[in-house]
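Order-wise, the sequence lines are chains A and B. The letter at position 108 of the first sequence is residue 108 when you use the working numbering, and the numbering goes up by one with no holes. The letter at position 68 of the second sequence is residue 68 when you use the working numbering, and the numbering goes up by one with no holes.
Check before you lean on any hint, since a few could be wrong.
[As the list claims (entries may be wrong)] Far from chain B by the CB rule (all over 12 Å, computed), these chain A residues:
| # | residue |
| --- | --- |
| 1 | S14 |
| 2 | E42 |
| 3 | P116 |
[Claimed, not checked] Under 7 Å between C-beta atoms, here's a sample of chain A residues computed to sit facing chain B:
| # | residue |
| --- | --- |
| 4 | L46 |
| 5 | F106 |
| 6 | K108 |
Don't read these hints as lab results, they were simulated from the structure. Even glycine gets a Cβ: it sits at the ideal position worked out from N, Cα and C.
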Amino acid sequence: GNSVTQMEGPVTLSEEAFLTINCTYTATGYPSLFWYVQYPGEGLQLLLKATKADDKGSNKGFEATYRKETTSFHLEKGSVQVSDSAVYFCALSVGYSGAGSYQLTFGKGTKLSVIP
Amino acid sequence: DAGVIQSPRHEVTEMGQEVTLRCKPISGHDYLFWYRQTMMRGLELLIYFNNNVPIDDSGMPEDRFSAKMPNASFSTLKIQPSEPRDSAVYFCASSFDWSTDTQYFGPGTRLTVL
Numbered sequence: 001g002n003s004v005t006q007m008e009g010p011v012t013l014s015e016e017a018f019l020t021i022n023c024t025y026t027a028t029g030y031p032s033l034f035w036y037v038q039y040p041g042e043g044l045q046l047l048l049k050a051t052k053a054d055d056k057g058s059n060k061g062f063e064a065t066y067r068k069e070t071t072s073f074h075l076e077k078g079s080v081q082v083s084d085s086a087v088y089f090c091a092l093s094v095g096y097s098g099a100g101s102y103q104l105t106f107g108k109g110t111k112l113s114v115i116p
Numbered sequence: 001d002a003g004v005i006q007s008p009r010h011e012v013t014e015m016g017q018e019v020t021l022r023c024k025p026i027s028g029h030d031y032l033f034w035y036r037q038t039m040m041r042g043l044e045l046l047i048y049f050n051n052n053v054p055i056d057d058s059g060m061p062e063d064r065f066s067a068k069m070p071n072a073s074f075s076t077l078k079i080q081p082s083e084p085r086d087s088a089v090y091f092c093a094s095s096f097d098w099s100t101d102t103q104y105f106g107p108g109t110r111l112t113v114l
């Protein structure tokens, strides 16, 4: 089956520090990969995505590259801010032919706290 | 667009009572998803619909849970009877297309069953 493994949190960083949140996956077929972010008291929202190998997703200074050879999609940001404090979810989806069926799998989430 | 709308935002009920959660997806989105989030189990997909038809309900915990989508702009998740272990945040999400497309989440309903 499909699965996503991301590093356990919580992660605490000082402002302007470099961030890496590791994410690896196992999947049948050709998955699309996503990072979602959840701010306190809110629903998840898409941060970035990549739909094929070697694609790089980027948004708000965050980046992640779809590495098929290492089955990874690590999230990085060069300089975090206090406003980046949130829970980050890695996810994959695999589509199956017929009836619009697909499977979406989320990791358990990594809580990031950025202190001034 | 107003985004995905969920109601109520908070629900407190007593064990044994029926609970109905409501969701209005983004107009034009063909897929609708119901999730449950708890500290212990994380984010779980309960069921999803394509063009109002349930496609996969394997995540629905048991017969006490049911979901309907009578039309393209409305869905309900019902729990009857509710139990304390159902306490969680329930999210509704919608997307335009499948697999590669972004899911747009609502703000969630925080359910507390006493």
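Against which earlier hints does the structure fall short, listed by number upward? 2
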